[in-house]
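Chains as they are written, first to last, in numbering that gives the first Met the number 0: chain P, 0 to 434; chain X, 0 to 434.
Read the hints as simulated data drawn from the structure, not as lab findings. Note that the Cβ used here is the ideal one computed from N, Cα and C, for glycine as well. All the pointers check out, no bait thrown in.
Computed cross-link-like contacts, BS3-like style, restricted to lysine-lysine with a CA-CA straight-line distance of at most 27 Å: (1) X:K281 / P:K361; (2) X:K129 / P:K129; (3) P:K126 / X:K281.
Facing chain P, from chain X, some residues (calculated, C-beta under 8 Å): (4) M48; (5) M51; (6) L54; (7) S55; (8) S58; (9) R69; (10) L103; (11) N104; (12) F149; (13) F261; (14) P262; (15) Q286; (16) G289; (17) D291.
Below are the chains, spelled out letter by letter.
Number of protein chains: 2
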Amino acid sequence: MKAYKDYTTDELNALYRSLLVQYKEYQARDLQLNMARGKPCVEQLDLSMGMMDVLSGDSDLLCEDGTDCRNYGVLDGIKEAKILMADMMEVSTDNIIIYGNSSLNVMYDTISRSMTHGVMGSTPWCKLDKVKFLCPVPGYDRHFAITEYFGIEMINIPMSPEGPDMDMIERLVAEDDSIKGIWCVPKYSNPQGYSYSDLTVRRFARLKPAAQDFRIYWDNAYTIHHLYDDDQDHLIEILAECKRAGNPDLVYKFASTSKISFPGSGIAAIATSHNNMEDIRKQLCIQTIGHDKVNQLRHVRYFGDIHGMVEHMRRHADILRPKFELVERILHEEMDGLEIGTWTEPRGGYFISFDALPGCAKAIVARCKKAGVVMTGAGATYPYGIDPADSNIRIAPSYPPLPDLEIAARLFALCVKLEAAKKILTERGEAVPAK
Amino acid sequence: MKAYKDYTTDELNALYRSLLVQYKEYQARDLQLNMARGKPCVEQLDLSMGMMDVLSGDSDLLCEDGTDCRNYGVLDGIKEAKILMADMMEVSTDNIIIYGNSSLNVMYDTISRSMTHGVMGSTPWCKLDKVKFLCPVPGYDRHFAITEYFGIEMINIPMSPEGPDMDMIERLVAEDDSIKGIWCVPKYSNPQGYSYSDLTVRRFARLKPAAQDFRIYWDNAYTIHHLYDDDQDHLIEILAECKRAGNPDLVYKFASTSKISFPGSGIAAIATSHNNMEDIRKQLCIQTIGHDKVNQLRHVRYFGDIHGMVEHMRRHADILRPKFELVERILHEEMDGLEIGTWTEPRGGYFISFDALPGCAKAIVARCKKAGVVMTGAGATYPYGIDPADSNIRIAPSYPPLPDLEIAARLFALCVKLEAAKKILTERGEAVPAK
Numbered sequence: 000m001k002a003y004k005d006y007t008t009d010e011l012n013a014l015y016r017s018l019l020v021q022y023k024e025y026q027a028r029d030l031q032l033n034m035a036r037g038k039p040c041v042e043q044l045d046l047s048m049g050m051m052d053v054l055s056g057d058s059d060l061l062c063e064d065g066t067d068c069r070n071y072g073v074l075d076g077i078k079e080a081k082i083l084m085a086d087m088m089e090v091s092t093d094n095i096i097i098y099g100n101s102s103l104n105v106m107y108d109t110i111s112r113s114m115t116h117g118v119m120g121s122t123p124w125c126k127l128d129k130v131k132f133l134c135p136v137p138g139y140d141r142h143f144a145i146t147e148y149f150g151i152e153m154i155n156i157p158m159s160p161e162g163p164d165m166d167m168i169e170r171l172v173a174e175d176d177s178i179k180g181i182w183c184v185p186k187y188s189n190p191q192g193y194s195y196s197d198l199t200v201r202r203f204a205r206l207k208p209a210a211q212d213f214r215i216y217w218d219n220a221y222t223i224h225h226l227y228d229d230d231q232d233h234l235i236e237i238l239a240e241c242k243r244a245g246n247p248d249l250v251y252k253f254a255s256t257s258k259i260s261f262p263g264s265g266i267a268a269i270a271t272s273h274n275n276m277e278d279i280r281k282q283l284c285i286q287t288i289g290h291d292k293v294n295q296l297r298h299v300r301y302f303g304d305i306h307g308m309v310e311h312m313r314r315h316a317d318i319l320r321p322k323f324e325l326v327e328r329i330l331h332e333e334m335d336g337l338e339i340g341t342w343t344e345p346r347g348g349y350f351i352s353f354d355a356l357p358g359c360a361k362a363i364v365a366r367c368k369k370a371g372v373v374m375t376g377a378g379a380t381y382p383y384g385i386d387p388a389d390s391n392i393r394i395a396p397s398y399p400p401l402p403d404l405e406i407a408a409r410l411f412a413l414c415v416k417l418e419a420a421k422k423i424l425t426e427r428g429e430a431v432p433a434k
Numbered sequence: 000m001k002a003y004k005d006y007t008t009d010e011l012n013a014l015y016r017s018l019l020v021q022y023k024e025y026q027a028r029d030l031q032l033n034m035a036r037g038k039p040c041v042e043q044l045d046l047s048m049g050m051m052d053v054l055s056g057d058s059d060l061l062c063e064d065g066t067d068c069r070n071y072g073v074l075d076g077i078k079e080a081k082i083l084m085a086d087m088m089e090v091s092t093d094n095i096i097i098y099g100n101s102s103l104n105v106m107y108d109t110i111s112r113s114m115t116h117g118v119m120g121s122t123p124w125c126k127l128d129k130v131k132f133l134c135p136v137p138g139y140d141r142h143f144a145i146t147e148y149f150g151i152e153m154i155n156i157p158m159s160p161e162g163p164d165m166d167m168i169e170r171l172v173a174e175d176d177s178i179k180g181i182w183c184v185p186k187y188s189n190p191q192g193y194s195y196s197d198l199t200v201r202r203f204a205r206l207k208p209a210a211q212d213f214r215i216y217w218d219n220a221y222t223i224h225h226l227y228d229d230d231q232d233h234l235i236e237i238l239a240e241c242k243r244a245g246n247p248d249l250v251y252k253f254a255s256t257s258k259i260s261f262p263g264s265g266i267a268a269i270a271t272s273h274n275n276m277e278d279i280r281k282q283l284c285i286q287t288i289g290h291d292k293v294n295q296l297r298h299v300r301y302f303g304d305i306h307g308m309v310e311h312m313r314r315h316a317d318i319l320r321p322k323f324e325l326v327e328r329i330l331h332e333e334m335d336g337l338e339i340g341t342w343t344e345p346r347g348g349y350f351i352s353f354d355a356l357p358g359c360a361k362a363i364v365a366r367c368k369k370a371g372v373v374m375t376g377a378g379a380t381y382p383y384g385i386d387p388a389d390s391n392i393r394i395a396p397s398y399p400p401l402p403d404l405e406i407a408a409r410l411f412a413l414c415v416k417l418e419a420a421k422k423i424l425t426e427r428g429e430a431v432p433a434k
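If we strip away everything but chain P, and leave its shape as in the complex, we get (with noise of 0.2 Å):
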């Protein structure tokens, strides 16, 4: 196939005018297809089914230790739960606090906690003029609305296939004592699917913050989340590295089940250093007497261990796997050659990135609406919405059934390609054609 922009200007209006034929086809068949958030599909929730039938009414909710589930009682979770969380995040029991059914809302917790009463005795944050955090870009949108929601100053830090830039984060973090944190989905990243690499890890573990309450919030939400069982991303367990590092209060590492039993049902975690885990429970007994423990020992009981969530993980590769390649499939099918976009083919996690020609991104998506599908939201992979370069799209495809997901993808390269040619139609000087 030959470049979009190596086409003629009369080839490039034909080009726009059969495009936009397709489009209109498109739009008459009512379509309402959703490719925006990673919520896994009908199948994948099936898989877990067999949990609600782990604890019946003549079972037992003891704990091994004799605790009864049903009671009051047992802040950080039960022992059966810490084993179960911390093999999946390859962290010891002793640095594990189990919580609710949402990590998001650990972090939250955990922002608003440094607001009101700074980390490990710093002065708590609402009390300082400026408070920064670094976003490696383009990451996770909720993540950014956390920060934005307590008036945080949010720096961009490009990613690249081995992680965020390291130089920029490393120089930062020693000469500005306001920046506090950063965002990192480390493993299978948010939306580009890359891992950190080795060294990435390693300059982590070896920041050297001005501020002695800088924490790295290490969101390993996809860490047992591969698509393929021989070609796994492998990311260094960063409490680890920071310990032998000599930095080992350095990281908050948080996940849930939220994409391996049911998203909103599950339980999540937060591993960290004894000094963090001090500082944090502080706080915890007093926002909570203790999280949902029968729920904890439904997990336990359901997966028994490590192995066995393992082996759930695979079956939910065995739905995901085909909706990846089919959307790559599809990209390639439509794009090759064209040199209007480019995308990530991850080997795990929950998203496709796609970045589109420079200003096209917003429209992409807009006209994608229009037709009945519905993308993220163009800027929502940057903090405050602003992608500068209005190239980034989030490409979720776990929801769809394989059907629907190929016509989602069919028109979204459409849309791609109706507002790559117009770009470099307009570039050109030349008025687009109306129809």
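Assemble the complex: chain P is given as a structure, and chain X must be docked to it using the hints.
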């Protein structure tokens, strides 16, 4: 029985010696009993075991509106859960947000949000020099712990069987705009089991606080937690009363099913005005994608409706009532006429409040502990753990089996007697017998 104060000093000395002999007999028994926390007992937990069976691997987990409870979404609770909790809380479904497993956590979040973001646009409390809360005393230690954690100054408000001292409250909130809230357990209060009178509730609804961001924290923890079918306290519904009084935004009402289904595995809710809900939702949508909808559905399918829930509470009452009556009977048997203590005899809730002679509470609780019976710490029912009269002790009769409870209550009475005799002897300038 003759009042201790009317004993001669010789009589008191003899009495003290004989009580001490009895006490040593208890000590020799190596007791391990607990009347410290309002924990349901095993038989109460067993009442809800059917809840483990209402959802099975074959169940559909769909709401009536088609929402799949297993997936992400629904920020403020499924409709069915709103209906159930709204009926329980005596409010409209339009005025309710369903949360996770803990109403304490909702209260914490409410204070925390006010600290960082203010209330409906007011200055964030963390930016103010001084924030104060009114605390009816004796009250709930975990309430006071939240306000203490956030550095909020607490002001004691005396309780009477009608509720807190409304003259004092009206005066204080009108003259001091740094007073931002008041903690209330308006029905079967913790620890006295008092329910606010109609007049008290009406005066609450008509408060004219100097601070626009003053809110009543109405923790209706024991709303349907009656001990008697035919002798129930009735509380005027505060949201409606505030609305009628032209103060629709004055109150946050909290409740949960912690002592209905399972503590730690129930569902919690807040009920409040639309303006307050809008304010809350701005935070909530940042904090979480949603709470545990599967557990919401489990509760709805198990209880069916409010009638099912009320019937369920009759079964709780059948277990709790004999425990309350046993403790009250023993207190009467042991102490009537001695004038060494008074206590409440509530018609619902989880506690009996005992007032010893001033200056004796700490010593009584310590003495109980030395003989193997753990009571709520003396002072816990007051802000900062300081009971100015050192008189109030909270008795929690729910957890121990009846035979244990009888032993614990008799020992408690014995310790009250010992400390009363000691106090009177000391006041008369007498040395207290060593044995």
